[in-house]
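Protein chains: 2
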Amino acid sequence: MATQQLGRWASSLDYLSLPQPVIEAAIRSFQNSLGSILGGSNHPTTQRTIKALQPLFGDRKCTIIGHAELSGSAVSCDLQHAALINGIASHVHDYDDTHLHTVIHPAGAVVVSLLALAEYLKLEEGRIVSGKDFITALVAGIEIGLRIGNAVSPKHYDEGWHITGTVSPMAVAAASSNLLRLTPEQTANAISIASTQPVGVRVHFGTDTKPFHVGRAAQNGILAAMLAKGGFTAAPDALEGRRGWVEVLGNGSNTLSEQVNQLLQLSEKSQSSAVGREIWEIEKNTFKPFPCGIVIHPTIDACVQLHKEHDLQNIKDLDKIDSVHLRVHPLVLDLTGKKSPKDGLEAKFSVYHGAAIGLALGSATPAEYEDNIVNDKRVLTVRAKVTAEVDETVHSDEAIVTLTMQGGVRNEKHVEHAVGSLDRPMTNEELHEKFMSQAIPVLGKERATEVESMAWEICDVRDVARLAKAAR
Amino acid sequence: MATQQLGRWASSLDYLSLPQPVIEAAIRSFQNSLGSILGGSNHPTTQRTIKALQPLFGDRKCTIIGHAELSGSAVSCDLQHAALINGIASHVHDYDDTHLHTVIHPAGAVVVSLLALAEYLKLEEGRIVSGKDFITALVAGIEIGLRIGNAVSPKHYDEGWHITGTVSPMAVAAASSNLLRLTPEQTANAISIASTQPVGVRVHFGTDTKPFHVGRAAQNGILAAMLAKGGFTAAPDALEGRRGWVEVLGNGSNTLSEQVNQLLQLSEKSQSSAVGREIWEIEKNTFKPFPCGIVIHPTIDACVQLHKEHDLQNIKDLDKIDSVHLRVHPLVLDLTGKKSPKDGLEAKFSVYHGAAIGLALGSATPAEYEDNIVNDKRVLTVRAKVTAEVDETVHSDEAIVTLTMQGGVRNEKHVEHAVGSLDRPMTNEELHEKFMSQAIPVLGKERATEVESMAWEICDVRDVARLAKAAR
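Residue numbers (the UniProt record's numbering), protein chains in the order written: chain A, 1 to 472; chain B, 1 to 472.
Fair warning: there could be bad hints in the mix.
The list cannot tell twin chains apart, which means a pair is met if one copy fits it or any two copies do.
[Unchecked claim] Below, in silico cross-link-like pairs of lysine-lysine (DSS-like), each with a Cα-Cα straight-line distance of 27 Å or less:
| no. | residue 1 | residue 2 |
| --- | --- | --- |
| 1 | Lys469 | Lys413 |
| 2 | Lys51 | Lys229 |
| 3 | Lys155 | Lys339 |
| 4 | Lys385 | Lys155 |
| 5 | Lys61 | Lys51 |
| 6 | Lys61 | Lys445 |
| 7 | Lys229 | Lys61 |
| 8 | Lys342 | Lys61 |
Just so you know, the hints here were simulated from the structure itself, not pulled from any lab data.
These numbers come from a predicted model, not from an experiment.
Bound-form chain A, shown alone (with noise of 0.2 Å):
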């Protein structure tokens, strides 16, 4: 039933039918999403994948987001490896984006697939996508793998699954199936065939095959829906059936025919007046100001702040610091309590370093997190002042900072909720200076400028595969 409702609602959701709060949070999703994909371009793990796999590469029909010239030619690839590719590239920095209730990093899988989708139907099929398709794509796809996600949170992700893995190959099939007009049941089978193909297993973390989980995933969805298309079967009650995906894999913590009553409810309430409007899941995602774990994002943006007031711009500056004291909630120093990170990849499970990039750079990008950086004499400097105390009553989202200078003047930063979190959303134009600081290097100002303006137009644009073209 459950299975079959999903393809229904994916199959028959249309741009029409969309609130235009919901509009607005598809294009911020995918902003971001599109800006982490070029950001993740050039890193050794999306470099080392490209290699590998180049020998397998089949008709070059899809862009290598980010890529210019790979052994002297424009890099473009199979509609499966451009997937996988700049699916890794989207998460692979830790610095795309989290649905809170079940961690899911929701857009880079759906993104990504659409994307190269888009380009395959031009050149396969003559059939130009345009951004009103792709967005209500987009839609379809992140609310179907969020309510199954609901459904198995938090027991899933708890007893190992990296649920982002597990749940965004039916996201990236329900997306798909609604791009390639798929019938219900077809939409429906899609589903069903991606739901048997969960990757991703929580050991993987801190290796190159975490952002894989995204990739593949993508790459499941994508075969899922094709494989629908071509009228494959699959069980009609892959989620809710016995042995089906939520009984195998949710551990007993379901409640999905809940979450698809209300996504039912959301296309008929949404006819109706604003007052009284659910909120839709793709509204609850949220955008990662700083690529690492969320828990220290409120002392990040403390010390950023800090960093600012006192004008702290060189060692000399950073010198006349005696004292850095962090008040944090009580997982913070569980998860990212390393003292002493030897490379990016340890500060990325460290608040000290988090700590120590606010208030000696002002930023937390993934330039921030390089090697050099993590070991740069301002930041050492810093970092050896830094001290941190749990408390239990401090949020999730809080941080308290108390900065003292040589001499005693003292300065207590209290943020009550970090920059990112539900209650205080990264604004666009913080948005979109993330996406600058991940474009810019990649593709240069001007392009950069250029394919920022498609992102937040998308619904404007007429031709998906021009955009991204435009971002290799």
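Here the structure of chain A is known, so what remains is to put chain B in place on it, guided by the hints.
Just chain B, lined up with the frame of chain A:
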């Protein structure tokens, strides 16, 4: 530890260390699997897959087994799609092989991967894969898959995982790594990357998606090996670690370290005399004499014998049957108690159909599970006369069939161990007949004979890619 040990074992296994009975078991597994692939090559599920995915095919380096022409051009496709399609074909008739303790169908995914890799390596790198290379890699993959399967059996399967699809990615990764001559560390990474891509929940049994699990598992394992070869990293303790494969998918049943220790001892012991030799898991692989659930096999076996003894040639002979009574193991009616199957798929779950084709036609190959045979007058005539009774004292590979003819002549056939069981393995002659019944309709008699003799003599084959090409 276990993951690294498996990597070392798989990468260091060489032909000279294989005991002769292990080589013979591997050859039988290969011959049987190749027949199954040919037998499934024209199945509608396989055809649907080819049609749906043909637009995505890359460089046509690898053979789609059993296909000569498609849209006018010789049929071959890229490495990954060849593995998928041939993998689906291998399992689509449920006519492959079974490792009884784990219920894994071990050979299919590994065989299709190694055949495709042999063709790929020849064209891409100019490397010729010999039959000895092939058999060594096959043993490495199957042995590792079955050991991992043992570690989580029976709970993993009982709780809803299609164990063939969850374990085979690792088996294929190990086999491919051996063939690609990866280092021990790379091989461990390949197994690790494969482990995070389990395929298959059991809700899909009875649909196209069941055999898809085998094909997709093959692709996942190949991808893992290619990435590992390129330096891609994954958890060093992917199987045994916290939130690793065994913990997340094994649901508490876990004898992995014990299984790995036994595996490591195999190679040492094989150096010494045959006395007290440990049996390898691949030697416990059994081959399906009939394309249906294994619990029906003793009944079919008995009925085929009765068919011959009574020379039941035509409808007049069959009309003389008064009654057929089965005494069977308790699971038989539970799993295969469908009295009046409507089509071939339902017939696979009907002990009554099994008895009827055994008696009326004297054989049970995929041809006797075609829809038209399920509704053939001779079959229906006999089926109506079959009654079945559960007998708690009857073993799972045992059946007692009483045939009573009009006039009162009665013949009781007691099969103590069905053909194909561990106690009465299929002979090479029976495997030959099974192979030919599947290969001749696809390749014709001459080519089928040629391909089969290459399979039996695989250890003397100089170029496995040529064998693959011969099977188109």
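Consistency of the hints with the structure:
1. Neither within a single protomer nor between protomers do Lys469 and Lys413 lie at most 27 Å apart by alpha-carbon distance, with minima of 44 Å and 71 Å respectively.
2. Taking CA atoms no more than 27 Å apart as the test, Lys51 paired with Lys229 passes between copies only; the shortest distance there is 10 Å, against 31 Å inside one copy.
3. Taking identical chains as interchangeable, the C-alpha atoms of Lys155 and Lys339 are never at most 27 Å apart, the minima being 30 Å within one chain and 42 Å between chains.
4. Neither within a single protomer nor between protomers do Lys385 and Lys155 lie at most 27 Å apart by alpha-carbon distance, with minima of 39 Å and 52 Å respectively.
5. In the homo-oligomer, the alpha carbons of Lys61 and Lys51 lie at most 27 Å apart both inside one protomer (18 Å) and across protomers (19 Å), since each shortest distance falls under that limit.
6. Proximity of Lys61 and Lys445 under a CA criterion of 27 Å is satisfied intra-copy only: 26 Å inside one chain copy versus 42 Å between copies.
7. When the C-alpha separation of Lys229 and Lys61 is checked against a cutoff of 27 Å, the pair qualifies both within a copy, at 20 Å, and between copies, at 26 Å.
8. Taking the closest pair of Cα atoms, Lys342 and Lys61 never come within 27 Å of each other, the shortest separation being 41 Å inside a single copy and 45 Å across copies.
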